[in-house]
Each structure stands twice: as C-alpha cells, then as structure tokens.
Amino acid sequence: MEKVLEVKDLTVKIGEKNILTAINMTAYKGRVLGIIGESGSGKTMLCHAIMQSLPAVAQITEGQIFYQQENLLNVSAAKLRAYRGRHLSMIMQNPSTAFDRIQTIESHFRETLKAHFAMSKKEMRQIALDAMYKVNLPNPEQLLRYYPFQLSGGMLQRVMIALSLAIQASLYIADEPTTALDTVNQKQVLTLFDRIRSETEAAIILVTHDIGVIAELADDVAVMYQGEIIEYANVYDFFDAPQHPYTKKLLQSRIMF
Amino acid sequence: MTLLEVRNIEMHYDQRPRPFMFKRGQEAPVLQKVTFSLQEGECLGIVGQSGSGKSTLGRIILGIERPTKGEVLFQGVNLYETTSKHKKIIRRDLQTVFQNSYHSFNPKQTIFEIIEEPFLNFEHFSKTERQHKVRELLDCVELGRTIDQKYPSQLSGGQQQRVNIARALALNPKLIVLDEAISSLDMILQKHIIQLLQSLQKDRHLAYIFISHDLQATRFMSDRILVMQNGQLVEEIAKDGAYKHPASLELYNAILPSHPRERTMKHKRFCNV
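Keeping their order, the protein sequence lines are chains A and B.
Under numbering that gives the first Met the number 0, the first residue of the first sequence carries the number 0, and numbering increases by one thereafter.
Under numbering that gives the first Met the number 0, the first residue of the second sequence carries the number 0, and numbering increases by one thereafter.
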C-alpha cells in the first residue's frame, strides 16, 4: 500500500493547553481513514492542522506531517499554497457556508481551476461538466448557471465534492460531510466517496461522529477522545474487538433493532 | 382517549398580495390533505426527507402557524378557532423541544430562570416553591443541581437539550412535539436522550410526536410511524410493520449498517491485511 499522508507525533497547543496530543496516523492510496469522536474531541482541529489552516491562536509545537515524503511543516508558503487544493482537498461540513453566495457554481469551478492550471474557459467548463456528471448531479449545464442558494443542501454538498474531483486531488479531507444532510442524501454522498475511492485511487480522510458512516465506508478507524487517538485499528477489528473502554461505549451507543 | 386530531390540513406559502411588477410565484402546497390522530400516551413518529413538510406540520400542531385549510383539535378544542385566553390554557398541555437547543434559550438568562419561566407564566408559586420545582425537574433530566446558576453558553449540547426537555416538562404537559430533537447530538448523547425520553414517557404518561429524518431512531422511539413525501402522508406503519411505499423504502435503505459486514456499497472492501 502506498502512503499518501503520514502524521507523526503531531501536537497542537492553544496557550498552554494541548488541543491535539501526539497524533500518529497514515492515509493510504485507495483507502478511507475514518476518524470518529464526540464533539470537542479535536477532529476538526486535526483536519485544519493537516491543511495548515489552524486559527492563529493554535500553534503546532511538535511533530511532522509528511505528504509524499515531504514535511508540510517545512515547505515554503508558496509551495504549500500550490499543494492545498491541488493535492490536498478539504470538504467542509456545512455546504451552505462554504460557497460564496453571489458567485455562480461555474465561477466557483473557474476560480478553483484557475488557481492551479492554465486553461481556457471552454476547457474549464468541460472539466466542470465532467465532474458534475461524475457526482450524479442532474442537468449539469443548467446547474452551472445557478447560485449556491438555489440548490438544496444535498446537491451543494455534491457540488463541493465535484469541485475537488475537478482538480483530481490525491487526498480528500472530508470534515463531517454528511452531518448537515438528511439520511437519504447522506447515503448518496457516501456512495459517491465509495466511487472516488475505487475509481480515482485517492486517499480519503473521513471525519464523523456517526458509527454508521464508519461501518459503511471506512477501511481504517482512528478514535479520538480529548485530543488524543485512543484507538487505531482496521475497521473489522474495531467492530469485532474494541480495546478501549470509550470505544466500547461508543459501539454500544448505536441504536439497534 | 384521543388527544390530538389533525383533519385535512393544507398549507400554502406565498399568499401575500404582491406589487404589480412582481409576478406571484407558483404556490407550491407545503402540506396536502394531512389527516391523523394521536392517542394519549402514544409516541407517533413522523419521518421524511428534508423539505417534505415535517417541520411545518409540527409547527401547525403546536399552534404557531395557521394552516390554509383544515383543523387541529387538541383535546377536542380547535387550536385555530379559540380565543387567546382559552388557547393559553391549552398551551400548558402542549410543549415542544426543537433541534437547535441553544437558539431556543435567551442567552442572558441563567438555567434557573429558563426553567422557571413557565411557572411565572402559568402558576402563582412563591420563590421557594419555584426553586423546589426547578430542582425536581433538573433531577428528572439527570442534571446536577449546581447547574442552575450557569448560562446556556456554558453547557454542552447534550446538557442544553436536557434543559430544553426540563422546561418542556415543567407544566406536566400531555403532548411534547420533538422536532429533530436529537439530530444535532453525537451518538452517545442521542442514546442517552432517547432513554431519558422513554423513561419520562412511562412515568408521566406523556404523548410524543417525534419528527425526524432518521428512520432508525424514529423506529426505536415510536409506536407508529407516518411517512411524509412532498407534503403528503404516504404511509402509516406500525412499530414492526413492513415498508411498502417507495418513499419509505428509500428511507429504510438509507439506514446505515451497524457492522462493516452488512455494507451495502458496491465496491465492498474486505481489507484484513
């Protein structure tokens, strides 16, 4: 298995307080790494640490983040900017706030593509249409002319995924991508991630608080609790033989019939 | 005994007269011919995708929003044809818990003031009586008594939702409408709140209307489930009944597995490396 991203002993502090403590994890090509934890356990902070978009008060005090043998903490700002979006793509929790509401969907695609490639408008449009087609959005041509507020939450979330698909990132970081959606839309988005995994061979880091999402999609699982990874296992081992008491409690919380 | 009867509810938005230069938008009906009834002590689940009209129906039942057509009878009294004085009496027995707990509080009030408010509106209790009652309610939802001087922003999501439930319970209501009451909580808290709601139901002979897009949680809670699609009730299912309508099946198929072995994904991976 090919490593895409490796996080080693990552520690993040706000003031004297540890937000993340000695995080170790690896994302592999074509695999989904699920990160599960309750609210406030540091899941989102971890995503932002990888993308290096932490709030100004938070400091990375220790550790390395390797992306293809290169430590992201040491590269220049210009190089990092080239990586972000092009290689590392983040899918946010709330689709309605992640878009600019006075820009059409097409100009969102243009902005993203322009930042990384030199292309004509026509080419950009074609790539946008292909990406929208891949995520099963109905009538892509018409959708490109729409503004974000004209689409429903589930559709917007799929547009956001299409945006990252358009630039063919090699690592997708999805921060609670389905939490704001209803169950039917959730299923569609998860199916989409499943396709990305098998068709593009990208690595996916999927952050969630829902055990069901992990059961459906993840290959590896990391359980976060108060800024630490307390359990890290293959998804089958995670469900069959949970080690940590918190993990056991988490598994019991699933509503069964 | 029948507690609530909803008869032929119809709801259209966008009926205001518009200036001549603005065309009137198409009046899409939000609810159409919704009819059902609820017995005392029953838990009725209402499920549907977002935009199917669940929450609008919830607000109509609560008497917040007037339907275009139809009537809502709560204990035999039509909510939309009574005098405001009579309505106030009915309100006692009809309470609600919304999805976003934080936004249903006044951020400048302490937890004590929040839970005390229904007593100030409806009862003539002395201060010590109110303090006593608030403590009882906090015990009831398994919150520590020391919490009562804190502000909502100092509490976690689960604690806030419990305060919400405590406030809804204050006047010993007969019906509580739970509109996505557990959707924003994480799994462990969801289970806690569901168990709490179920034990309260037993102790106090409460009826619930449980509105959610999550069929799994709804099945766990409810005695009977109504499935909504595009503003219409398309199916009524008993607790262990089978699903027939496409809308119900869609919701049923969207339930996530409880173990990776039961995955439904096409590209299943068995990756015991």
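I should point out that these hints are in silico values taken from the structure, not numbers from a laboratory.
The beta carbon of each residue, even a glycine, is placed where N, CA and C say it ideally should be.
Among these hints, one or two may not hold up.
Stated by the list, open to error - Computed footprint of chain B on chain A, listed as stretches where at least three residues anywhere in the stretch have a Cβ under 8 Å from a Cβ of chain B:
# : stretch
1 : 11-17
2 : 177-191
Stated by the list, open to error - A partial selection of chain B residues facing chain A, derived with a Cβ cut-off under 7 Å:
# : residue
3 : M186
4 : H258
5 : P259
Here is how each hint holds up against the structure:
Three residues within the 8 Å Cβ limit are the bar, and the stretch 11-17 of chain A against chain B gives 0, so the coverage statement is violated. Note: the stretch 177-191 of chain A has 9 residues with beta-carbon separation from chain B under 8 Å; the three-residue rule is met and the coverage holds. At about 4 Å, the closest approach between the beta carbon of M186 of chain B and any beta carbon in chain A falls short of 7 Å, and the interface hint on this residue holds. Interface hint at H258 of chain B: satisfied, since its Cβ lies 5 Å from the closest Cβ of chain A, which is below the 7 Å cut-off.
Evaluation of the P259 of chain B hint against chain A yields a held restraint, the C-beta minimum of about 5 Å falling below 7 Å.
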